[in-house]
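Asks: Protein chains in written order, with the working numbering: chain A, -14 to 320; chain H, 2 to 309.
Hints in this document: simulated from the structure, not taken from any laboratory. This one's a predicted model, so the numbers in the text were calculated from it and none came from an experiment. Accuracy of the hints is not assured; some may be wrong.
[Claimed, not checked] Output of the computed footprint for chain H on chain A, the stretches with three or more beta carbons under 8 Å from beta carbons of chain H: (1) 98 to 107; (2) 112 to 118; (3) 121 to 130.
[Said to hold, decoys possible] Output of the computed footprint for chain A on chain H, the stretches with three or more beta carbons under 8 Å from beta carbons of chain A: (4) 261 to 270; (5) 296 to 302.
[As the list claims (entries may be wrong)] Label pairs and their in silico Cβ distance ranges: (6) Val128/A / Gly118/H: 34 to 44 Å; (7) Ser32/H / Ile201/A: 39 to 49 Å; (8) Ile202/A / Ser154/H: 41 to 51 Å; (9) Lys29/H / Glu279/A: 27 to 37 Å; (10) Gly171/A / Lys287/H: 58 to 68 Å.
No residue lacks a Cβ here, since even glycine has one placed at the ideal position from N, Cα and C.
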Amino acid sequence: MKNIILFIFFFVFFLFGCKQERYRFKIETINNEDLKFAPGYYTGKPDINSPALSRDGRELVLIKIDIDQYTLFDATVENGEPFDYKLRLYGKGNQLLADEEDFPSLARTGLHSDEELKNTKIITGRSVSQITIDGRPWGSSGVGFMTDEETIMSVILADNRIIRRLGLTHPDLARPLFHLWNISRGLEDYSIDTITGDRMQMEAMLYNGNEVKVEIIGSRGWQESIFNDEILGSGHIYISRELNKEEQEFLNQNYGNLPEEKFEELKNMLFNIHTGELVFFYINRYGFYEGHTEYRIDPVAVALIFGMRSIEDVHIAVGGDLYEYFSSPFTENPE
Amino acid sequence: MKTLCKYFVLILLLILSARASSQDNNEKIDSLVNLLTKAGREWNDYSIPLIEIGEPAIPALVEAVKDRSLEQWNRRISAMTLNSIHSPLWVQPALEILFDPTEDPVLRNHVTAGLKGFNLAEVRDKLWYLFNEESNESYKSNLANLLMTADTSLAYEAFKELYNTYDGHVQRGALMNLVTIRPGESTSWFSQGIQMDDWMTSNLAMDSLVTSGYFDADDLISVYNEHGIGEEVKWRIVYIFGHRAEPESISFLAEALLDESWLVHTEAAVGLCRFEAEQVIPEMTKLKNDSRKYVRDNSSWVIKHIEY
Chain A
-14 MKNIILFIFF FVFFLFGCKQ ERYRFKIETI NNEDLKFAPG YYTGKPDINS PALSRDGREL
46 VLIKIDIDQY TLFDATVENG EPFDYKLRLY GKGNQLLADE EDFPSLARTG LHSDEELKNT
106 KIITGRSVSQ ITIDGRPWGS SGVGFMTDEE TIMSVILADN RIIRRLGLTH PDLARPLFHL
166 WNISRGLEDY SIDTITGDRM QMEAMLYNGN EVKVEIIGSR GWQESIFNDE ILGSGHIYIS
226 RELNKEEQEF LNQNYGNLPE EKFEELKNML FNIHTGELVF FYINRYGFYE GHTEYRIDPV
286 AVALIFGMRS IEDVHIAVGG DLYEYFSSPF TENPE
Chain H
2 MKTLCKYFVL ILLLILSARA SSQDNNEKID SLVNLLTKAG REWNDYSIPL IEIGEPAIPA
62 LVEAVKDRSL EQWNRRISAM TLNSIHSPLW VQPALEILFD PTEDPVLRNH VTAGLKGFNL
122 AEVRDKLWYL FNEESNESYK SNLANLLMTA DTSLAYEAFK ELYNTYDGHV QRGALMNLVT
182 IRPGESTSWF SQGIQMDDWM TSNLAMDSLV TSGYFDADDL ISVYNEHGIG EEVKWRIVYI
242 FGHRAEPESI SFLAEALLDE SWLVHTEAAV GLCRFEAEQV IPEMTKLKND SRKYVRDNSS
302 WVIKHIEY
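One chain only, chain H, in its complex shape (with noise of 0.2 Å):
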């Protein structure tokens, strides 16, 4: 009886403190969310702690995101720690917030970025919806990201739409993403990409075709055959040749060092460098006495530069 007692004793002291030390938590998260609703550049000295505490803090922080008496800019630093705590407990308030159509535009935004990763299927046609009537850019591109985790062929179709818009860091992403949904369809896209004027997408086309599984040789060497196809463009093409050890490589950057573009016949000089001394030679003596001057220099270049 007298053990029974003891045991009874311990675990009332062990609620009590645990009760204490659930109520110190509390305190402090209501203390900073406190100061997180009035903070200014200062915020992150009191969002940091907060996303350490994690999930305890939700409810504190949705009440302050949900709160209109708060300044925008309160609301919104709110919901960015609660995005950096990224758990299932902030998915639902954040998809109210980002279909409430008499929400802060800037907020909508937001929080999109704590929706990341989660499966959305369930709001997968008002996503679409919401993609449809936006038209700022990046907003668009956040909610096709979302779409990416509701409906992958939805996401396609808004990921294509965004691959023709002129935001380079907005292009760049849209082409990331549709060869990520449809691998089999990325020759196609990155030989696109290699002839857009943004250099983020061109040179993210141009650095994917060098390592691709996907490759279709003849499909670019067409592209670089097309008449007034630019300049950087078959700079381009000419550059993805000089990585690959493809069978028309040699042959093709031979061919690309008699083009009058000093971008293209240099970079196939170089190009030509990287492969079989013994396949290269035969190839560039026989331009030796090519009546062009740069030919003839060029090919001596890619004599004397190649490794034996």
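Bound-form chain A, shown alone (with noise of 0.2 Å):
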């Protein structure tokens, strides 16, 4: 009998012990009662969480939709039904896989380790040297993944030290990314105005204190992955929010000796992300932001604009030169 409590205790332990956190920014739980969600509206901007978790582990989102007007959204990171712009399926997706099978470490804690990019010579049955080549400017899309000078595995490399030294997980990084992408979609679900018929509008998204501004823009076609998967991207999705009195000081005191030229395009580059979908769920599944292109969604800017971490911070885990950090190609490879 002994025996059999200890095993039990042991059970639990191990159970328990082995269940490793993928985020590790905490969200707050708040109480589900007498929360507005659209297409119910509040007026004045309420006090409120966001985002917050549901007693029943639902992610939910302010959104400002209107002057002075807010609503609650349920934009929880989810697997759903498929999404693909091919069949004409607008489901929410493999939002939350990884890609075990070839990144364990990654589905496990929500980072790579260092012997696991270092032995990476395969990702979905496709050479790394073959996505990189495909990935290339002129590759499979005009203006690439990354740049000539970098391989699909100096980007992963690179953005996952960084992560490591900004102390979170791609999944971190991925959902407030997400959290946007389902707000926009579920709100063409609502209509505001049934004489009009205009859509409720997201004029900003409210986000660990900040106003997150968003502009998704279709297009035709699509974009096909480099990985071989069912990924597929189309919009333009245009990420920014405004500096706040503190961060424009902290930027003028560490980097006020920069031409005026490159001091606005360090703003530009720490407050403003043009990206595409596709790259939401590359995030979760490989670790993979895109190289310097014109599509990278840069960790640094996504902790910052979404308030996950300070100017301080951000300046301080890239060793203290944000402005190197954003406009050098990562070049090395892991081997």
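Could you fit the two chains together into a complex? Lean on the hints.
Replies: Given below as structure tokens:
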């Protein structure tokens, strides 16, 4: 009997010990009572954490829909119905899926281990050199998924390092991006004006105290993935927010010696992202944000825009030179 | 006599009903063509039923295409409808438009799609003349495709010229046609193809060399060893050998594993894993004490990942 109890005790201990959290950035849980979800709305900004977790584990985000009008939205990142432009299927797709076969450490912990990256020569059945050739400019897309100096592995390695230094995980960075994606697509279901048919618009997403602006512009065709997967991209997604006073002062103090043009460029790189939804899926699945192309989602910019890290945190994480960090291609391969 | 009368009446009724049905069909065609000649973006609503009707709709559609008083757009969509019906009845009117220098150049290009697959041997000189006169690469490419069913030797010359253009789609199409016309030259064309800057062309050449029945390993190895050859070209050759069970494959890939280029030695390592372990492992064991770390690491990786 004693042995059985001991066995159960160790088994339970083992289960909890093995469970590793893929998210490191915690979201507060709030009471579900008296919350107003779209298409209902609050007049005046409600005192609600955003993002927040409901008691039943749903991820809630507050959005601004008009001057002084706000509503809550269930933006939960989850695997849903298929998402496939070719088949005209517009479900959530595999938002939580990580490529466990090629990246067991990423799937388990939300970060690659160095050993894992060193030994990766094949992803989704394609050699990493083939993915690199296809991903360079004028390969499978004109602008490319990385520059001519970068490789798929040099980009994954560099981004994994910086995210580790930020104390975050890839799912932490994918989550706010999927939140804005889920909200934008979910809003299409709501019509605020039954006479004009005007749709409810998201003016801004409230996220960790910041007002994040989002603009999504669709396009006719789609971009194929460089991996052997079902992921496709089509839209142009613009994400930005204004600097606050402290951030402006910090930049003035630490980067004020940059020529004006470079200083403005730095602000733009820190607080503006232009990308496509394909990259959202790449982040969780492979830990890939694209190299230094115009579609790159820089993890430092995501951490800053969505208020997961402060300007000082990201400045320290990149080694004290944000301009250098943003403007240098990733050329070191993990071998 | 009575029975004969019955038959006579029956036949008369059949003739009358056939005429009525034909009249109905003609009215339908006229109405659809009339709508097509005024259509905007909704033109498929009229074009698709006309395509379904098929050959009976051709005379009215040809009349619409030839009517210069119509908007160019409406003449073009009429031509596209005729192209989709793809009847021999459209060949002569289409050729008249194609060879008429006073016609709208876009319309002349459009009609080429309707001529594909028909024997055009009788107009081969005119097609060749037009090909040489034309400067638009995309139009030239369409004319070269028509030469395929007019005179393959002229088509070969046309595609040779188009192969050196900058447009990736045109270049890729030219390569496909060159090797279709002369399969015996495919290795030579594909060897050139993998050295082209255009990604579509070089990928087509590379994938074709992986499966081609015409293969010259020595030729590719000599390209690989050429002084100053680009990293991506070397990568493509390594990729090809990694996917073909040639007698030279393992020794060539083992050599490529020493190359400084990450693209090249990584592909060599992946390629080696596709071969028999008994043949590969002795080659890899020799490299375990190489002075270069990436060579030691990659040879160990191959030993670890090759399937026994």
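Asks: Each hint needs a verdict: does it hold in this structure or not?
Replies: To see whether the hints hold, each was checked on the structure:
With a threshold of 8 Å between beta carbons, the proposed coverage of the stretch 98 to 107 of chain A by chain H holds, since 4 of its residues qualify and at least three are required. A count of 6 residues in the stretch 112 to 118 of chain A with a Cβ less than 8 Å from any Cβ of chain H is obtained; the coverage claim is therefore met, three being the minimum. Taking a C-beta to C-beta cut-off of 8 Å, the stretch 121 to 130 of chain A contributes 3 residues in contact with chain H, enough for the three needed, and the coverage statement holds. With a threshold of 8 Å between beta carbons, the proposed coverage of the stretch 261 to 270 of chain H by chain A holds, since 6 of its residues qualify and at least three are required.
With a cut-off of 8 Å between beta carbons, the stretch 296 to 302 of chain H has 3 residues touching chain A; three or more are needed, and the interface restraint holds. Checked against the hint of 34 to 44 Å, the pair Val128/A and Gly118/H passes, with Cβ atoms roughly 38 Å apart. Look at Ser32/H against Ile201/A: about 43 Å separates their beta carbons, and that is inside 39 to 49 Å. The hint said 41 to 51 Å for the Cβ distance between Ile202/A and Ser154/H, and at roughly 50 Å that hint holds.
The supplied range of 27 to 37 Å is broken by Lys29/H and Glu279/A, whose beta-carbon atoms lie about 52 Å from each other. Separation of Gly171/A from Lys287/H is about 60 Å and conforms to the stated range, judged on CB atoms against 58 to 68 Å.
Violated hints amount to a single one, hint 9; each of the other numbered hints is respected by the structure.
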